[in-house]
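Numbered by numbering that gives the first Met the number 0, the letters in the sequence shown go through residues 0 to 207 in order.
Treat the hints loosely; a few may be bogus.
30 Å max Cα-Cα, derived DSSO-like pairs, lysine-lysine [said to hold, decoys possible]:
| # | residue 1 | residue 2 |
| --- | --- | --- |
| 1 | Lys149 | Lys129 |
| 2 | Lys19 | Lys149 |
| 3 | Lys129 | Lys19 |
For each label pair, taking beta carbons as the anchor points, the in silico distance ranges come out as [said to hold, decoys possible]:
| # | residue 1 | residue 2 | range |
| --- | --- | --- | --- |
| 4 | Glu98 | Gln71 | 36 to 42 Å |
| 5 | Asp175 | Asp116 | 40 to 46 Å |
| 6 | Asp49 | Asp117 | 56 to 62 Å |
| 7 | Pro67 | Glu98 | 31 to 37 Å |
Just so you know, these hints were derived from the structure itself, not from any lab.
The C-beta atom is built at its ideal place from N, Cα and C for all residues, glycine as well.
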Amino acid sequence: MYSTKVGMQERYEITVEMNKSGFSNDEDEILVTRGISTCIAFVMQGTYSDEENTYTACFGLYHWSGFPFGFQGDPVAYVINELDEFFQQMREELEIEEEIIEVQRLQFIGGEHAQYDDESGVLTLTGTEKEVNALQIAAVRFNYARAGIKLCAQAISHAHFLTSGDQSLEIAVGCDDIDISYQEDEYEYEDESSMNFSETDSLRFSGK
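Modelling step: build the complete structure from the supplied sequences, incorporating the hints.
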């Protein structure tokens, strides 16, 4: 379906479900995922060139639910594998063979702190701090060159622990812009004050 986001042109919306990835190189498409709270979204925007040095924009979105229940393995190694599969799947779906992909933005959004009942102190929500910590390490250790990825300066960024309670995030990604909005009990709103982005980023911002 076609979807219009504030600050974004009307484009064809591709929904990305939990534990699924979406990729595109079409400027008339946007990738959208909903329900990001304890889950973490991987957002990638970049370009690649063909044999004639014609550059094409590409972008991807992965809705990761975190480690499997009872996971006891190496958390950093697990996330490195998730990153590798993300980039490999992008190459397969967009038919990018040996071309170097230049990544302007690789952003990780979401995750929640564990939550406890105010009166009893009983754990009411298992947080994803472990996933966030592993991701922050894995994003630095990952061998981008081996995956055919060239990172631009300051391409990697993190925005975690933005929600609590019944809040969740909806994330829409285009070829050069990204739209993030809060959702709570079917009421959708925007609140730039709680987003911990850099001076060039905000709740709603362009990646140009």
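Okay, the hints, checked on the actual structure:
{"no.": "1", "hint": "Lys149 <-> Lys129", "verdict": "27 Å, holds"}
{"no.": "2", "hint": "Lys19 <-> Lys149", "verdict": "24 Å, holds"}
{"no.": "3", "hint": "Lys129 <-> Lys19", "verdict": "21 Å, holds"}
{"no.": "4", "hint": "Glu98 <-> Gln71: 36 to 42 Å", "verdict": "38 Å, holds"}
{"no.": "5", "hint": "Asp175 <-> Asp116: 40 to 46 Å", "verdict": "44 Å, holds"}
{"no.": "6", "hint": "Asp49 <-> Asp117: 56 to 62 Å", "verdict": "58 Å, holds"}
{"no.": "7", "hint": "Pro67 <-> Glu98: 31 to 37 Å", "verdict": "33 Å, holds"}
In terms of the numbered hints stated before, the structure departs from none.
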